[in-house]
Each structure stands twice: as structure tokens, then as C-alpha cells.
Amino acid sequence: MRASRRLLCTALLGLAAGLSSASVLAAPAEPQEGKQYQSLPSPQPTDTGKKVEVIEFFAYYCPHCHVFEPQLAAWVRKQGDNIVFKRVHVSRGAAVQPQQRLFYTLEAMGLLEQYHQKAFDAMHVERLRLGSDQEVIDWAARAGIDRAKFTETYRSFGIQARLRRADAMMDAYGIDHWPKIVVDGRYATSPSMVNEGATEAQQQQAALQVMDVLVAKSRAARQ
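Here the sequence shown is numbered in this note's numbering, starting from 21 and rising by one per residue.
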């Protein structure tokens, strides 16, 4: 991990004095590069054919990722076949690796759709730390997942390879805070980049509007 990488989720500010509610409720109709989104210095390859790839970089421990998840999930459902949506659980040293392994184990077992929100809620509603392998395995078993199968997958070489891949992607995409969304390997945005000074809920909605524009921009470029 690079020393310069931020170790915490982006801090989101409250409503700034002097701004009216109307001025922060929505992203600009034409978001500006360098303000509401950034172009990656080195575009990354995609493997999604004619569909636009959308990647979320997130962490289970991150409270802003937890709050953003329901809105993001609804946006993904609305996009339907327009996109291929992927998630990358970021790394943050040994303290976060059990949570990262949890995510990739659920993904490998085909259980992510069923347990992704439950994993978030375990940390942010039930206040579980999930800071060790045993805590994660015990939680999975209590949640109804076969303990033996989960443990075998959790400790497998395949999961270790996914962790290495996540680290490589963080470096390649220049991920320094989260949640962060990358569209089509070219454009990056996040709630914290959009409408600074707005409430967190307003930032989330504005970010989704910017994502709409970036998806449309990417689709047009493919035609």
C-alpha cells in the first residue's frame, strides 16, 4: 500500500452556510471534468463487450459506503442491461483483510446478492467488528452459510489471488478514497466530489446523476 493512500473514507461535510437547498440538490446537467468527475490518466481495459462497465471501489467498514449502498443498488437496477456492474473491496492492511476476504468469499460462493447488505449491516447496525478471520467465519455461520464450505473458500488460494487483484486495481485506477465509482475504465466520480458542502444524501443523489451522464457518454463513444 502506498503511504500516500488515504486510510479512511472521505469525510463528508454538512451543508455550507450561504448555499440554498436548490443549489445543492442536483448535479449540473453537464458535469465538468476536474470538478464533478475526473478522467483517469491511464484508461483501463474493460471486458464487458458493448455494455458499459461500472466499478464501485468500497469497503465494508466505511460508513459512507454503507449509506450509499441502497441508493447505488437502486441505480444499478434502473440501468438494467445498459451496464455491467462490478465491486472491488479495497484493502487497508491486516485490520481490514478479514472483511475483504468476506466480500470475495461471498462473491466466489455466489452468495453476494443475498449477503452483501447483511455484511454491511453487521458492521454498522449490529456494530460487529469483523476484525478477525474467526469473527467473520462465526458471523457467516450465524447468518446461515455452511461453515465448512465458507471456511474452505475463505482460506483458499483463489481468494488470496482476488486480494492481490484488488490491490493491483487500486493502484491502476488511482483509488485514494471510497466509495468511488469508475465508469468504462475512463471516468471516476464519487459523492464527495460532487456538490461539496451539500448534505451526504444530496451528494449521493448528485453523484448518481453524474454517473448517468458518464454512462451515456461512454455508450455514445462505443457507437
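One or more hints might be untrue.
[Said to hold, decoys possible] Label pairs and their calculated CB-CB ranges: (1) 154 x 236: 44 to 50 Å; (2) 241 x 163: 23 to 29 Å; (3) 243 x 161: 44 to 50 Å; (4) 175 x 137: 20 to 26 Å; (5) 149 x 180: 35 to 41 Å; (6) 219 x 167: 39 to 45 Å; (7) 101 x 192: 41 to 47 Å.
These are computed hints drawn from the structure, not numbers from a lab.
Computed from a prediction, not measured in an experiment: that's the story for all the values here.
Note that CB positions come from ideal geometry on N, CA and C, so glycine has one too.
Structure-based check of all given hints:
no., hint, verdict
1, 154 x 236: 44 to 50 Å, "holds, 46 Å"
2, 241 x 163: 23 to 29 Å, "violated, 42 Å"
3, 243 x 161: 44 to 50 Å, "holds, 49 Å"
4, 175 x 137: 20 to 26 Å, "holds, 24 Å"
5, 149 x 180: 35 to 41 Å, "violated, 22 Å"
6, 219 x 167: 39 to 45 Å, "holds, 42 Å"
7, 101 x 192: 41 to 47 Å, "violated, 27 Å"
In the structure shown, a violation is registered for the earlier hints numbered 2, 5, 7, in ascending order.
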